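*Asks:* Top line first, the protein sequences correspond to chains U and A. Mapping the first sequence onto numbering that gives the first Met the number 0, position 244 (from 1) lands on 243, and the numbers just tick up by one. Mapping the second sequence onto numbering that gives the first Met the number 0, position 311 (from 1) lands on 310, and the numbers just tick up by one.
Since the hints were derived computationally from the structure, they do not count as laboratory data. Among the clues, some could well be false.
No farther apart than 25 Å at their CA atoms in a straight line, the calculated lysine-lysine pairs in the DSS-like style are these [said to hold, decoys possible]:
1. A:K186 with A:K143
2. U:K227 with U:K256
3. U:K16 with U:K147
4. U:K147 with U:K119
5. A:K186 with U:K162
6. U:K162 with U:K147
7. U:K162 with A:K311
8. A:K186 with U:K147
9. U:K119 with U:K55
10. U:K147 with A:K311
11. A:K143 with A:K311
12. A:K143 with A:K61
Interface residues of chain U toward chain A, partial, derived using beta-carbon atoms under 10 Å [stated by the list, open to error]:
13. A113
14. A116
15. H168
16. I172
17. C181
Note that the structure is a prediction, hence the values are computed from the model and not measured. From the three backbone atoms N, C-alpha and C, an ideal C-beta is built for every residue, glycine too.
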Amino acid sequence: MTRAKRKPARPKLAVWKFSSCDGCQLSLLDCEDELLEVAEAVEIAYFLEATRAEVKGPYDISLVEGSISTPHDAERIHKVRRQSRVLITIGACATAGGIQALRNFADVEEFIRAVYAEPKFISTLGRSTPISHHVPVDFELYGCPIDKYQLLEVINAHLNVRKPVIPNHSQCIDCKRAGTVCVMVGQGIACMGPVTQAGCGNLCPSRGRGCYACFGPKETPNTASLAKWFQNELGDDHRTVRDRFRGVSAFSESFRKESEAHD
Amino acid sequence: MPPPDTPVVPSPTPTPALRLDAGRLPHLLAVLTADGRELIGPVVSGGAIVYGPITGADDLPKGLVDDQAPGRYRLVAGESGTYFDHVATANSWKTFLFPPEQKICDIAHADGALTVTAPPVDAPARAFIGVRACDLRAMGILGKVFDNGDFADPAYAARRRNALIVAVNCGRAGGTCFCTSMGTGPKADGGYDLALTEVPAGGDGAPAYFTLVAGSDAGRRILDRLDLNRATAAEVETAAARVAACADSMGREMIADAAEMLGDNLDSPHWQTVAERCLNCANCTMACPTCFCSTVEDVTDLTGDNAERWRKWDSCFTLDHSYMHGGSLRRSGAARYRQWITHKLAHWHDQFGTSGCTGCGRCITWCPVGIDITEEARAVRDRAAGT
């Protein structure tokens, strides 16, 4: 068995922020016990949330947080891509457009007029879109925020030249493995788990709440069937169903289509 | 022609029935605990009855029963104040015999060499309390998978060997049960060390009791320590009548010719119909007491010098399950549902000499959208027959 050879110099890691709340990049700083190890394994070359010191590109691994929601974002992401050997998007904003993509279902000009005293200073795009709509992406890590262990696993896998162990299966598999009794079957609580990708460690169902789909759509989600169950068996009206699918991953294709079917 | 089915569980002649007053159930459990056994039995958790560690009879869901329907489970107060009138639990004994996540080995890399270390087998002495006939069958089926002579998973075999089985014959049929049509219950016909039948207190003030038989030498040795009287013929009859009434009241059934019929209808248009409802979320396979698929995951530390290999429950409803070079073989929901039901009800016979289904109904209850394996099998048959 041969191992992939590590480059003699530590790989350079960059962390980029676009339209986002910073919570996902904070997950990296939140790796308290593992952070020193990470810093030994990679050179943290550009990470403004952690340090003002910048090491010039190109970068071996770029973690990109946030969506593209301004003309400036749309231009800057190409510069990031050009400087990055591997580009990994982290979080619901970067992978699906984030909560700010709710504007995609409305008129952004109307929002600007309603919210800002001086609308002329606002330069924004009509839609908030995921990074993958603009540049090629090597790996997408879901979550709002991402799970720090999943982030470590993705960095780790890239360093060790192997596939990250990030399953695309349902939240339900993680609930069942953990012995969490299904809140929808057992208590009649609407749960997005059957159409949502696992990754959070079944945070809400294990505390008696339905899944809010923070980790976005799972592989091949059957949203229509779940929506029908919400309506027919749990008494949801169209608006409630629409809002369940219109969360942080509202602009992912499957959730967008399902929510629009209930508009 | 597939080979004929082979016996799943041994059927020893049980000892004559003894009578255990319901109030002395704690005594039976205390004897098992005194032998150093960890007790696993039915407990309330997350709004359902699950199998989990118990310390004594006070932990049992006395007086509670489960109202089960496709995609729906609620706990309600029972009428008879019994310990065991609930039916299939949310989880199954698979959780304890084939744990959801097991570390297979640690792998360390140093000086150009790899060292592989397997963790010690974790197989504590346990007593499984309240095992139903369907679940005994499930253990027999899992035994054919994990400990069949040609292939043996030593950890599974050790855990099964170290578990003493206290079965309970069902006195009530649940809303999704169909064991009678599978020939798997509701009476335990073997594979247990002890078997109980619970008789609730009578309206005339007669106290509640159990009839109790042993099905193994280990069971007989426990009975010898309990100092119990023989049950009277009337008590045995009352207990048997309760189990018979349970069988008679079972409202759901699997069609008789499911195995052959499904094998003949691999191109049924019904697979697409069920796929429109199926969430491919894998709940049915996780809840199933015999679904045994697992995936193997390797994780490394950041240096790449230390790795762990884990085995975790997997499901034929994921794309990864059928992933081969170039992609997944079963991309459509229709293909995945067909794989599951045809394996469970048809091809399992060819592979293991038994059906993979025990009629416990867990896949029906715990499907988030209430898909019913008995109805789907019937629908495939009816569409083939043009009715």
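*Asks:* Give a verdict on every hint.
*Replies:* Against the structure, the hints come out as follows:
1. About 21 Å separates the Cα atoms of K186 of chain A and K143 of chain A, which keeps this hinted pair within 25 Å; it holds.
2. As the CA atoms of K227 of chain U and K256 of chain U are separated by approximately 14 Å, the hinted pair is consistent with the 25 Å bound.
3. Using a Cα cut-off of 25 Å, the hinted pair K16 of chain U and K147 of chain U holds, with the two alpha carbons roughly 17 Å apart.
4. For the hint pairing K147 of chain U with K119 of chain U, the CA-to-CA distance comes to about 39 Å; that exceeds 25 Å, so the pair is violated.
5. Proposed proximity of K186 of chain A and K162 of chain U is contradicted: the alpha carbons are some 49 Å apart, above 25 Å.
6. Pair hint K162 of chain U plus K147 of chain U holds up; C-alpha atoms about 17 Å apart against a cutoff of 25 Å.
7. For the proposed pair K162 of chain U and K311 of chain A, the alpha carbon gap of about 17 Å is at most 25 Å, so the pair holds.
8. Only pairs whose Cα atoms come within 25 Å are accepted, and K186 of chain A paired with K147 of chain U is rejected, the gap being roughly 49 Å.
9. The suggested pairing of K119 of chain U with K55 of chain U is violated, with an alpha-carbon distance near 35 Å, which exceeds 25 Å.
10. Simply put, K147 of chain U and K311 of chain A have alpha-carbon atoms about 21 Å apart, close enough for the 25 Å limit, and the pair holds.
11. Taking the CA atoms of K143 of chain A and K311 of chain A, the gap is about 20 Å. The hint holds against a cut of 25 Å.
12. For the given pair, K143 of chain A sits about 34 Å from K61 of chain A by alpha-carbon distance, which is inconsistent with the 25 Å threshold.
13. Of the supplied interface hints, the one on A113 of chain U is violated, with its beta-carbon coming no nearer than about 39 Å to a beta-carbon of chain A, more than 10 Å.
14. Checking A116 of chain U against chain A: minimum C-beta separation of about 47 Å lies over 10 Å; hint violated.
15. Annotation: H168 of chain U was flagged as interfacial toward chain A, and the flag holds, the nearest CB pair being 5 Å apart, inside 10 Å.
16. Because the beta carbon of I172 of chain U sits about 5 Å from the nearest beta carbon in chain A, less than 10 Å, this interface hint is met.
17. Proximity of C181 of chain U to chain A holds as hinted, the smallest CB-CB distance being about 6 Å (cut-off 10 Å).
In the structure shown, a violation is registered for the earlier hints numbered 4, 5, 8, 9, 12, 13 and 14, in ascending order.
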